[in-house]
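Going down the list, the protein sequences come from chains F and E.
The numbering of the first sequence is our numbering, which starts it at 1 and goes up by one.
The numbering of the second sequence is our numbering, which starts it at 1001 and goes up by one.
Honestly, I wouldn't trust all of these hints.
[Unchecked claim] Quick list of in silico lysine-lysine cross-link-like pairs, DSS-like style, CA-CA up to 25 angstroms: (1) Lys-70/F with Lys-1014/E; (2) Lys-1014/E with Lys-1196/E; (3) Lys-65/F with Lys-1195/E.
Because the hints were derived from the structure by calculation, they are not lab data.
Since the model is a prediction, treat every value here as computed from it, not as a measurement.
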Amino acid sequence: MSDLLHVSSSPHVRAKDDTSRIMLYVIIALLPTSLFGIFNFGPRALLLILVCIFTCVISEFLFEKITKRKVTVKDLSAVVTGLLLALNLPHTLPIWQAVVGSVFAIVVVKMLFGGLGQNFMNPALGGRVFMLVSFAATMTNFEFDGVASATPLAMIKSGESVNTLDLLIGRTGGTIGETSTLFVLIGAIILILLGVIDLTIPGAYIVSFVVFLVLFSGHGFDSNYIVAQLCGGGLMLGAFFMATDYVTSPITPMGKVLFGICLGVLTGLYRIFGNSAEGVSYAIIFSNLLVPLIEKITIPRAFGIVRQKKTKEVKANE
Amino acid sequence: MNKYIERIYNGVWKENPTFVLMLGMCPTLAVTTSAINGIGMGLSTTVVLILSNMMISALRNIIPDRVRMPAFIVVVASFVTMVDFLMQGFVPSLYDSLGIYIPLIVVNCIILGRAESYASKNPIVESMFDGIGMGLGFTIGLTLIGSVREILGNGSIFDVNIAVLNDYHITLFGLAPGAFFVLSILVALMNIVRKKMEEKGKPLPPVQGCLAGDCRTCTLSSGCTGKATITKEVLPPVNPKDVAKPVPDTRIEVEHTSNTLNTIDVEKSGSDSSYADDDIVEKGKEES
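Looking at chain E on its own, in the form it has when it is part of the complex:
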């Protein structure tokens, strides 16, 4: 598959930020009271995501690794400010209904997550397509949730009244609890579809990177992106006068990234119990 199309497929289906990665839950739950709000929030996030991905990708060799987070935030915040003013000027009604969630795109997990795990390590064009894919995935997710909530809660879709549902409004779906119900049911449906696909022999590859793992206990999720080697290079050389001070231990980061370095470390340590088994296996071979 073409790598650009692969990025879009990845964002929309395989690693859909709303339904699979569960990122950006705050705007997802808060603004999806109607389909139009969902699509507005999704598209504005997409624009910021594409631009910030491209900019961060272009600057990826210039930004020092230690200050990458503030640098990303500055880049994202600049684009969000532009989008904020543009929306205020051209679509004031949508701007009003989205409220605080437009400025909050600055700290949106999806944008920072993609900047950290993809754009800062990949060329510009790929990063752009990654942004398009992820943004589309987010937009589709929000629009779906918004549509369901609008149909059930308000009897309309995209502000078009559905005559059949005039007397049948379930107000709860327009309120905060409804967002949780709709989101969870959609995620459940998506999991069913994915399971069916796997049974049919189209196994989906597991989600890549730290985002799929257990991040609750992980204190290094920002450094957990396979950047161990880079971190080592960027660290300033230890001043001989400071030898007494503890040298920052980079091994922890190595442990978190399940790359080859990790296994090498284990082998070097020699304390792994599996070695004993290896001996037995070898002996068994000799005997046979």
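The shape of chain F in the complex, shown without the other chains:
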């Protein structure tokens, strides 16, 4: 009888998705833009991608061995971090700098805070910002077809015009994975169809960013300018692959919208009023820090529970 009656606590219904499967989906979704990056920038881009992935996996493995924790390399999250980090680097970057950045991303941003699920900031972007501050010269040295060239965003910022079709396909200077809006969107559609991400955060991000541009950029509703701003930098890659990171984005529905608006406004602020032409990385990691607060103020009301009115606090002295 006891063999027939199997008693267990919840959850009773399990989905087949686990961390490694979701990470695998993300890797598959990143493949189009990675392959295009390699095609666009040559074998050195491939080398950088491999170095970043390898360093991330090895440093996670070594950290867990040294601190005698359970080795979690198999969940592929380190691979995703390495791949995302590499896609955010210019292909001319010296190898040792990529190694330092990967180690920083995994050890400091992720493992020191408790590993996957505990990090308060997207590891790949944490690593990228660390490198942006440390290696300012090489991190902003963009080449395309062997010629040093400004990124489309820098060109817009200095008042030049850019070819919109080139931006969509990605035949421009920039980091390995960000140039081609088309291939990033293909990856994003794969993720959405597989149910890994939903459109709330990227949607709120892009809409609020466009609204910000229309209001404050000084160009009004100039569609060429807006398309160039959307496709010219890391915004698409950031919106679909980094802002939607489960660990560092809010889980409440309203929180996701708020988070997206934060991202859009901050990106607009950095891009239009900041010194640098790009600001997606900073916007995302800054909003990552706001996530606990956003979740605190957007806790949904449980069904049947009346929201308590705030009673006026009586001061102790009176």
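Following the hints, put chain E in place on chain F, whose structure we already have.
Below, chain E without anything else, positioned relative to chain F:
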């Protein structure tokens, strides 16, 4: 152990101001861009610390307890002014790179903390050695942080270029965030070493005094140094005309200092629930 050597050991290792007490974080984070800056800041603080400790210790029976803080500040400020002018005259380059942080030694937590918790209660020679120990601990801490930051951020140490690192500079470590990273990693390493020592059977005694406790919620951290009895004596006798006015309550300070007075108070109150348990225990004894 000799009590003088014990003071130095206490300052350098057991209660290292930088890595254990976490005091003086402002200069620690701000000036340690290079090893030479760290050692300069550490030594100038040490000099002020030794002199002020000795002076405050010598004056400890003269300074009225109620105005001790202003009195300490005046003493410390005099010495800092001397050090300030001396550095300006003899090591102008170091003076320039340390900038505002030399005058700011006046309000350095380490100096006021040692004056309050040690020098104002102990004889001159012990206080001097306490100053030497704490100052050395601070100097070692700052020099360590400065060296690591200089090696990683600038590829040199004590302004001597390290040829191997010529092309490998990580600029971030020379900037403000680098200070936080290096400090936290060094503190973590030190905690690992302390833990290992404890496992090997050399338990380190817990840090003494209020500085180890939770001072965030403590409004009386300056009075929280076991001075409850002294405070009572120094308070002026209550004028009979002022009886209606509330008498300053010194009990709060007693509660904060975990000395014997505290437990006596609790016992007198008789409301402690542990008494009930005591009865039961006694009954149990009788039965057996």
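Results for each hint:
The hinted pair formed by Lys-70/F and Lys-1014/E fails the criterion: a straight-line CA distance of about 33 angstroms is larger than 25 angstroms. With a C-alpha separation of about 14 angstroms, the suggested pair Lys-1014/E and Lys-1196/E falls inside the 25 angstroms cut-off, and the hint holds. At most 25 angstroms may separate the alpha-carbon atoms for a hinted pair to count; Lys-65/F and Lys-1195/E meet this at roughly 19 angstroms.
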